Amino acid sequence: METIQTQIVVVGGGPGGYAAAFYAADRGKQVILVEMDQRLGGVCLNRGCIPSKAYLQATKMIEEARESERRGVVFAPPQVHLEKLRAWKEAILARLAQGILALAQRRNVQVLWGRGYFEDARTLRVETNEGQKFVKFEQAIIAVGSKAAVPKVFDLGNPRIMTSTEALEMPEVPGDLLIIGGGYNGMELGTVYSLLGSQVVLVEALDTVLGGADKDLIRPVVKAAEKKFKEIRTKSKVLDMATAGKKIKAVIQTGGETREELYDRVLVAVGRVPNGENLGLENTRVQRDERGYIKVNEHQQTDEPGIYAIGDIAGGILLAHKASKEARVAVDVILGEPSAFENIIIPAVVFTDPELAWCGLTEAEAQAKDIKIEVSKFPWSASGRAMTFDRPEGMTKLVIEPETERILGVGIVGHGAGELIAEGVVAVEMGATVRDLAECVHPHPTLSETIMECAELFYGHATHAYARRRAAEAH
Amino acid sequence: MLQIEGVCFMDIKLPKLGEGADSGTVVGILVKEGDRVKKGQTLIELENEKAVAPIPSPAEGVVGRLRVKEGDRVSVGQVILELVSEGQGVPPKPAPAEPAAPAPAARVAERPVAPSPAPLPIAEEEPEAVAADENVPPAASPTIRRLARELGIDLRRIRGSEPGGRIVMADLKLYIQRLERMAAQARATAPATPAARAAAPSVDFSQWGPVVKKPMSALRKTISQRMAENWSTIPHVHQFDEIDITALEELRKAHGPAYEKQGARLTLTSFALVAVVRALKKHPIFNASLDEAEGAIVLKEYFNIGLAVDTEAGLIVPVVRHVDKKSMLELSRDVAEMALKARERKVALEELKGGTFTISNQGGIGGGAFTPVINKPEVAILGLGRSVLKPVVHEGKVQARLMMPVCIGYDHRLIDGGAAARFTVDLARAFASITEADVKL
Numbered sequence: 001m002e003t004i005q006t007q008i009v010v011v012g013g014g015p016g017g018y019a020a021a022f023y024a025a026d027r028g029k030q031v032i033l034v035e036m037d038q039r040l041g042g043v044c045l046n047r048g049c050i051p052s053k054a055y056l057q058a059t060k061m062i063e064e065a066r067e068s069e070r071r072g073v074v075f076a077p078p079q080v081h082l083e084k085l086r087a088w089k090e091a092i093l094a095r096l097a098q099g100i101l102a103l104a105q106r107r108n109v110q111v112l113w114g115r116g117y118f119e120d121a122r123t124l125r126v127e128t129n130e131g132q133k134f135v136k137f138e139q140a141i142i143a144v145g146s147k148a149a150v151p152k153v154f155d156l157g158n159p160r161i162m163t164s165t166e167a168l169e170m171p172e173v174p175g176d177l178l179i180i181g182g183g184y185n186g187m188e189l190g191t192v193y194s195l196l197g198s199q200v201v202l203v204e205a206l207d208t209v210l211g212g213a214d215k216d217l218i219r220p221v222v223k224a225a226e227k228k229f230k231e232i233r234t235k236s237k238v239l240d241m242a243t244a245g246k247k248i249k250a251v252i253q254t255g256g257e258t259r260e261e262l263y264d265r266v267l268v269a270v271g272r273v274p275n276g277e278n279l280g281l282e283n284t285r286v287q288r289d290e291r292g293y294i295k296v297n298e299h300q301q302t303d304e305p306g307i308y309a310i311g312d313i314a315g316g317i318l319l320a321h322k323a324s325k326e327a328r329v330a331v332d333v334i335l336g337e338p339s340a341f342e343n344i345i346i347p348a349v350v351f352t353d354p355e356l357a358w359c360g361l362t363e364a365e366a367q368a369k370d371i372k373i374e375v376s377k378f379p380w381s382a383s384g385r386a387m388t389f390d391r392p393e394g395m396t397k398l399v400i401e402p403e404t405e406r407i408l409g410v411g412i413v414g415h416g417a418g419e420l421i422a423e424g425v426v427a428v429e430m431g432a433t434v435r436d437l438a439e440c441v442h443p444h445p446t447l448s449e450t451i452m453e454c455a456e457l458f459y460g461h462a463t464h465a466y467a468r469r470r471a472a473e474a475h
Numbered sequence: 001m002l003q004i005e006g007v008c009f010m011d012i013k014l015p016k017l018g019e020g021a022d023s024g025t026v027v028g029i030l031v032k033e034g035d036r037v038k039k040g041q042t043l044i045e046l047e048n049e050k051a052v053a054p055i056p057s058p059a060e061g062v063v064g065r066l067r068v069k070e071g072d073r074v075s076v077g078q079v080i081l082e083l084v085s086e087g088q089g090v091p092p093k094p095a096p097a098e099p100a101a102p103a104p105a106a107r108v109a110e111r112p113v114a115p116s117p118a119p120l121p122i123a124e125e126e127p128e129a130v131a132a133d134e135n136v137p138p139a140a141s142p143t144i145r146r147l148a149r150e151l152g153i154d155l156r157r158i159r160g161s162e163p164g165g166r167i168v169m170a171d172l173k174l175y176i177q178r179l180e181r182m183a184a185q186a187r188a189t190a191p192a193t194p195a196a197r198a199a200a201p202s203v204d205f206s207q208w209g210p211v212v213k214k215p216m217s218a219l220r221k222t223i224s225q226r227m228a229e230n231w232s233t234i235p236h237v238h239q240f241d242e243i244d245i246t247a248l249e250e251l252r253k254a255h256g257p258a259y260e261k262q263g264a265r266l267t268l269t270s271f272a273l274v275a276v277v278r279a280l281k282k283h284p285i286f287n288a289s290l291d292e293a294e295g296a297i298v299l300k301e302y303f304n305i306g307l308a309v310d311t312e313a314g315l316i317v318p319v320v321r322h323v324d325k326k327s328m329l330e331l332s333r334d335v336a337e338m339a340l341k342a343r344e345r346k347v348a349l350e351e352l353k354g355g356t357f358t359i360s361n362q363g364g365i366g367g368g369a370f371t372p373v374i375n376k377p378e379v380a381i382l383g384l385g386r387s388v389l390k391p392v393v394h395e396g397k398v399q400a401r402l403m404m405p406v407c408i409g410y411d412h413r414l415i416d417g418g419a420a421a422r423f424t425v426d427l428a429r430a431f432a433s434i435t436e437a438d439v440k441l
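So the sequences go chain by chain: A and B.
Using my numbering, the final residue of the first sequence is 475, and nothing's skipped along the way.
Using my numbering, the final residue of the second sequence is 441, and nothing's skipped along the way.
It should be emphasised that the hints constitute simulated quantities derived from the structure, not laboratory data.
If you're wondering where the values come from, they're calculated on a predicted model, not measured in any experiment.
By construction, the Cβ of each residue, glycine as well, lies at the ideal position given by its N, Cα and C atoms.
Honestly, I wouldn't trust all of these hints.
[Said to hold, decoys possible] With beta-carbon atoms standing in for the labels, derived distance ranges:
no.	chain 1	residue 1	chain 2	residue 2	range
1	B	Ser202	A	Arg219	50 to 58 Å
2	A	Arg219	B	Gln225	52 to 60 Å
3	A	Pro305	B	Ser202	39 to 47 Å
4	B	Asn135	A	Lys53	29 to 37 Å
5	B	Gly71	A	Lys237	36 to 44 Å
6	A	Arg219	B	Gly71	50 to 58 Å
7	A	Glu419	B	Gln185	49 to 57 Å
8	B	Leu174	A	Glu419	34 to 42 Å
[Stated by the list, open to error] Chain B is nowhere near these chain A residues, computed Cβ spacing over 12 Å in every case:
no.	residue
9	Phe134
10	Met170
11	Asp216
12	Ala340
13	Pro379
14	Thr463
Construct the complete structure from the given sequences, taking the supplied hints into account.
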């Protein structure tokens, strides 16, 4: 039995955990990073953000090549070599994970490979290949993340029923694919598989996919997905599934009507659950809420002094960049700085085609919270750059505080929205006004101009759009 | 404002309340959604400093959505409710009472670059920003927010100078400088006490028996703050005396009915107003203020007398203006009107300001002499107790005379003991100098 002393132990090596470990090391702390997987990077790198983006990029070419024909550039029909595609994806992940490990070594962050278990509030037991190790720590940061949720009724032990993890392994391209859940996961993977040739049926319980975003921003995404997918079935539920030979029989209810359908594979994308079990939290004073997320305050502190939680396990928005920000807050607090996760804008991006991104206050949220706002929308059909991309279906939208004209939120749907939203984040975080955005010169011809023109439109004088209502009001 | 087919939708915003007042707490909402209201009808009641101000509707219409609830703190320019006015009778351009807010049309063309919110009056102890919405955090960059957190400063207290109310480094610096100035002033006036007194720690009284805990009203907080400030920064001295008001009481009884016919009540307070002004004219230092910043004495050539009114909610001190220029009848009317307004909490903020001396008459309640606290920036105050019949040597004989206990509280920085004694003697004489000619209608 080996006992190791350290100042800080970080449990979980995802984008929250490694960010915390590195930042703490950079600030002069002695840090041990515990990872139970074979590789650092967590779900984001190994089973989430990065592999899905690799597939989305690769398969996007299939559609682009097809659409290119009407622009006079004709390609032969694409051939997909799954093995090669998987290998390319795998190479990206390996390289990134190797990079993270190298960064850990350069910072003298010791990585312990194995599962961590809290023996008490100052001791973490780690089950490594070389046996048990006991880490005595001053502070611990729990960053163990979340996993795809599989409701019991779907858990048949049949590999044809997949979560995003298996879907990203891409064992095959199924003929008929049922996707349960219209969140960003279902929509992104639906895009990938439909472009690879699967007949995708997506079932969503609510009245719209991508709930949480404003409806006007969702619309172009749904329209494009409806072209690719066989069907998007909202207000519908999968009641039951059963193995039927080489297929899966699904019982799907829409309204009062119930039908049985056969699918080659099923992707369950109904959300995520925290990895809070088997951590030994009961040996500490760390508390979890009814859904299993660790309770923290704005300083990322749990109910056990000295133990912090960040990222998915701490609940809230389950996004990598939120975890990384919380990592900084937790380490700052450990260092005695008055840091807090308060009023921090976490942008959300859905990497469908077109992309959907938003940050700060949405129109729907303003309505729900009774915050008075004004909205300015700029349609991309008025953007020259959008036309040259052959993608005029986008929209840029500003959510504005009417008295001060301050930007409270930005929403973008369209090609490259995920990149464009960063300007929105800066605007909201800096407390910028509509005029600030209108008066910053944006390069022409770019999609970023839509942000400036959307701001100009608020005053009724955008160059490339005519605002009837406001112009009339002015006189 | 939006107009659709003759129907006007107006946002009713909190109008300017008066100098130095830019926010208040909603203590009453007198209308409901769907109510039809007339122009001038009170929509909500707002508690601010020492008054409850009724906020009238600027137009006729139907109340749409209410945007505030009781207990909300609202600022000038903030929307209180939405008003829908229909059809004829509505002027094409109703002018809502919202001078502070920019009209939507103004936004379109040349709008001044900096809307530059008015600087806060220095007299305000705690600078408070115009929080647009509780749900919206203050506009400031992450750098400023981090710095504020490190310094323990609540950005909601700072008014940003940039468009959109954004708080920048210069605003933060100004705010800190101001806090320092305020702390220095506090040190200068009361070197022994710390600049800002920390709140006493909470005690769990329920451990000894059942208790009822209720929040302090805005008025109570103001009173508490003012009293602590006045008591701890002014070196008070109190001078006692008794004044023979037997003759005055006879005058009051004789002329009271005539006053009542005129709809007024002749009370001792009216006599006190007249007597005080006569004494103040002889002793202008009692009608003065101390300008601490300039090291000057400001002698006021007008006589506005504050009257301490005991109300259910707490002490309110409305001011009777130009007492020297008013007849006994006018004063009697003023006193009655102020007392009524104070009790109904309808005193306008303006009516609480500009006093030069205060009278606190507890005669109607009971008790003997007491030591009133000076109402800053005034330098003296007169407390009147309940008069009682006492055996007194009067014109060489022991007689039962109606004697009123009085107490002059004065600021010893400006007023010496000798001056106070002389003032007290002259005040007694001034009471005695009121004759039938002053009272007769």
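| message | According to the definition I'm using, a residue is off the interface if its beta carbon is farther than 12 Å from all beta carbons of the partner; does Met170/A meet that for chain B? | response | 40 Å, holds
| task | Examine each Cβ of chain B, and state whether all of them lie more than 12 Å from the Cβ of Thr463/A. | result | At about 15 Å from chain B, Thr463/A clears the 12 Å cut-off, so the statement holds.
| message | Between the beta carbons of Asn135/B and Lys53/A, is the distance compatible with 29 to 37 Å? | response | At 34 Å between Cβs, range holds.
| query | Would you say the C-beta atoms of Gly71/B and Lys237/A sit inside 36 to 44 Å of each other? | reply | With a Cβ separation near 43 Å, Gly71/B and Lys237/A satisfy 36 to 44 Å, so the hint holds.
| query | Hey, does Asp216/A actually stay past 12 Å from chain B on C-beta? | reply | 20 Å, holds
| message | Does Ala340/A clear chain B by more than 12 Å, comparing its Cβ with all Cβ atoms of that chain? | response | 7 Å, violated
| query | Far enough from chain B: is every CB of that chain over 12 Å from the CB of Pro379/A? | reply | For Pro379/A, whose nearest Cβ neighbour in chain B is about 21 Å away, the distance exceeds 12 Å, so it holds.
| field | Outcome of range test on Cβ distance (Glu419/A, Gln185/B; 49 to 57 Å) | value | With Cβ atoms ~53 Å apart, the hint holds.
| query | Should the label of Phe134/A as a non-interface residue stand, given a Cβ cut-off of 12 Å to chain B? | reply | Consistent with the label, Phe134/A stays out of reach of chain B, its closest Cβ about 37 Å off (over 12 Å).
| At the C-beta level, are Ser202/B and Arg219/A separated by a distance inside 50 to 58 Å? | At roughly 54 Å between Cβ atoms, Arg219/A and Ser202/B fall inside 50 to 58 Å, so the hint holds.
| task | Hint says 52 to 60 Å; check whether the CB-CB distance for Arg219/A and Gln225/B agrees. | result | Given a distance of about 55 Å, which is inside 52 to 60 Å, the answer is holds.
| message | Against the range 39 to 47 Å, how does the distance between the Cβ atoms of Pro305/A and Ser202/B compare: consistent or not? | response | 23 Å, violated
Against the hints set out earlier in the document, violations occur for numbers 3, 6, 12.
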